[in-house]
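Read off the chains here:
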Amino acid sequence: MSQLLTWQGLLALILGGMYGAVFGAIPGLTATLAVALFIPFAFFLEPGVALPAIIAIASVAIYAGDVGAAIAKVPGTPASAAYVNELYRLTRKKSPLYGLGISAMGSSVGGIIGTILLILTAGIVAGIAKQFSSFEYFWLAVLGLSAGVFASQKSPLKGLVSLLIGLFFATVGIDPTLGHARFHFGIPDLLGGLNYIVAMIGLFGFSEVLEFLYRKKEETKAPDQSIQKMWHAFFLDPLKLIGRKWILVIRSSLMGMVVGFLPGAGADIGAWVASSIQKMRRRSSRTMSADTEEEVVLAGSSSNNAAVASAWIPALALGLPGDTITAMVLGVFLMKGITPGPLLFDQMPELPTTLFLTFFIANLILLPFWGYVTARMANRIIKIPLPILLSIISAICVAGAFAINRNPNDVLIMVGMGGFAFLLRRGGFPLAQVVLGMVLGPILEQQFMVSVIKSSWDWMSFFDRPVALVLMVLTLILIGVGIRFSFHNNK
Amino acid sequence: MSEKSTTYISSGLLILFALALWIATADFPTQSGGYPGPSLFPRIISIGLMISGLTLLFLSRKEEESNEPSLSAPASWQNLAGGIGLGMLFPFFAPYLGLSLGAGIVCLGIGLLFRLRWVLAITISIGATLFLYLIFTLGLGITV
Numbered sequence: 025m026s027q028l029l030t031w032q033g034l035l036a037l038i039l040g041g042m043y044g045a046v047f048g049a050i051p052g053l054t055a056t057l058a059v060a061l062f063i064p065f066a067f068f069l070e071p072g073v074a075l076p077a078i079i080a081i082a083s084v085a086i087y088a089g090d091v092g093a094a095i096a097k098v099p100g101t102p103a104s105a106a107y108v109n110e111l112y113r114l115t116r117k118k119s120p121l122y123g124l125g126i127s128a129m130g131s132s133v134g135g136i137i138g139t140i141l142l143i144l145t146a147g148i149v150a151g152i153a154k155q156f157s158s159f160e161y162f163w164l165a166v167l168g169l170s171a172g173v174f175a176s177q178k179s180p181l182k183g184l185v186s187l188l189i190g191l192f193f194a195t196v197g198i199d200p201t202l203g204h205a206r207f208h209f210g211i212p213d214l215l216g217g218l219n220y221i222v223a224m225i226g227l228f229g230f231s232e233v234l235e236f237l238y239r240k241k242e243e244t245k246a247p248d249q250s251i252q253k254m255w256h257a258f259f260l261d262p263l264k265l266i267g268r269k270w271i272l273v274i275r276s277s278l279m280g281m282v283v284g285f286l287p288g289a290g291a292d293i294g295a296w297v298a299s300s301i302q303k304m305r306r307r308s309s310r311t312m313s314a315d316t317e318e319e320v321v322l323a324g325s326s327s328n329n330a331a332v333a334s335a336w337i338p339a340l341a342l343g344l345p346g347d348t349i350t351a352m353v354l355g356v357f358l359m360k361g362i363t364p365g366p367l368l369f370d371q372m373p374e375l376p377t378t379l380f381l382t383f384f385i386a387n388l389i390l391l392p393f394w395g396y397v398t399a400r401m402a403n404r405i406i407k408i409p410l411p412i413l414l415s416i417i418s419a420i421c422v423a424g425a426f427a428i429n430r431n432p433n434d435v436l437i438m439v440g441m442g443g444f445a446f447l448l449r450r451g452g453f454p455l456a457q458v459v460l461g462m463v464l465g466p467i468l469e470q471q472f473m474v475s476v477i478k479s480s481w482d483w484m485s486f487f488d489r490p491v492a493l494v495l496m497v498l499t500l501i502l503i504g505v506g507i508r509f510s511f512h513n514n515k
Numbered sequence: 005m006s007e008k009s010t011t012y013i014s015s016g017l018l019i020l021f022a023l024a025l026w027i028a029t030a031d032f033p034t035q036s037g038g039y040p041g042p043s044l045f046p047r048i049i050s051i052g053l054m055i056s057g058l059t060l061l062f063l064s065r066k067e068e069e070s071n072e073p074s075l076s077a078p079a080s081w082q083n084l085a086g087g088i089g090l091g092m093l094f095p096f097f098a099p100y101l102g103l104s105l106g107a108g109i110v111c112l113g114i115g116l117l118f119r120l121r122w123v124l125a126i127t128i129s130i131g132a133t134l135f136l137y138l139i140f141t142l143g144l145g146i147t148v
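Chains as they are written, first to last, in our numbering: chain A, 25 to 515; chain B, 5 to 148.
Chain A with its partners taken away, still in its complex shape (with noise of 0.2 Å):
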């Protein structure tokens, strides 16, 4: 802890919220491009202050995911992908400032019940995470499909073709049984899979683009406010709505930072199950209106800070990576010389409290502070007209989209997504599902092979485990519960 009440750690901190916001909030710069691109200058400083800087710019970023798709519709992550419709007309109906007061205040709260739950349950979820095998992760992959195609606001049917489109473009690529090439059509680039941040990309920010080159769609431009009005937006307002829905902020939390604690489920499920499963709620009870994109974007922001959180107790007490980022910071671990894992907490027993301290620090200030600058930001931009903004994100979506891998093909694939984007909103499909695919196709394909392989083709044994048990009942009563409510509504 002392290393972080340095000037050196507070600096690190400061620094890491920053370049995490600035990163974020780029089309393209994921969180995960920002921890490794840190990674060289974290060798160079000690693990009490490098640590922490990586817990601010991931915190900060994932926030920042946000800031790109209330702007442009183009999230920054596919977590934000999980609530972009919703967070970008409430930026348009109202203000950037509330509605990413809303994504800020909702990932700061989520953070803080994240890192709570954090410190008082780490051994115990960890055990629990030890118990998961592939039977588990294919049924929880099987889970947050099936929330994704309910969350589908107009038609179930058509949620379910998107996400079936994205499984399909999770299949491209070398397949995880044998090892052979599918649909690459002879384009080597092809077979390393299809880059889902760089379809993101295509498919909300330049088919955006397209769609308004197509049919120039008329502005809603948000009202100018004074500054005291601005805090107003982004500050109290939010909180009070969390305050109003606080068992909505807790129940999202919790969902975020179970699967969060779940080695390579991460952030994104997190915020998927949560966001869908508050748009199920909405559409079950008929009330659609401004508050439903309030309370996803809630749902979904909670959701998934305290991911990003619980995302940390795998790599530190069983050595295991939570997300790509965790990933990252265990070989920051080794680097420096720590084994991650149940001795840590022995050997060094300052580092998990400086590491917990950080949390809170990132969640309590450091987000609400970059967030604050960067929805500033967002409300200036956001009264430049659409011509000049698009012309802008469609040079944004080039770039981003080939920084990924520095790659030229990468931009093709993203003009592709564009382009194919453009005709599933013509045919009313809705695109967040595709996201979905792409994200949990991998997962749900591999833990499936694998399943069947070990258990040499014996389908019981999908349902011989009581947690792979319980969550298939779950994912029943889930598919029901959509179902009935999907008759319900359209009677």
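Hints are computed from structural coordinates only; laboratory data are not their basis. The beta-carbon is built from N, C-alpha and C at its ideal position, and this holds for glycine as well. Among the hints, a few may not be true.
To be verified - Covered stretches of chain B (in silico footprint by chain A; criterion: 3 or more residues with CB under 8 Å from a CB of chain A, positions within the stretch not fixed): (1) 42-52; (2) 90-97; (3) 100-114; (4) 123-130.
Keeping the supplied structure of chain A fixed, place chain B upon it in accordance with the hints.
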């Protein structure tokens, strides 16, 4: 084109795509013992798309014609094609112009498609080029 016709076309395309997907998996290898391997998931997706396509087709027959704006409403296919074309051309001119200037040209082209005035479009694209140069080239060292 009405919404009903759009649904007919989407359903037809889905069914065709599902069939193509099934056929494409025909020569995928299988696992020992004859168990399905790489073809299993694409085939499940193909069946799912086929059923969804047929269900959409069936449901659209029951739907009444709506008067919502459709594909025939005032729109510009030329602008759309221009936008896609500019993006597609980027990988070809970027090696000569560089990442930032290449993206700046895309920005200029899109701005002109939006009927922005020349001076404004050029000013914006210069600004975007400088911004991208600062972030990607100077900051991250990313070049084409």
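Status of each hint after checking the structure:
no., hint, verdict
1, 42-52, "holds (count 6)"
2, 90-97, "holds (count 5)"
3, 100-114, "holds (count 9)"
4, 123-130, "holds (count 4)"
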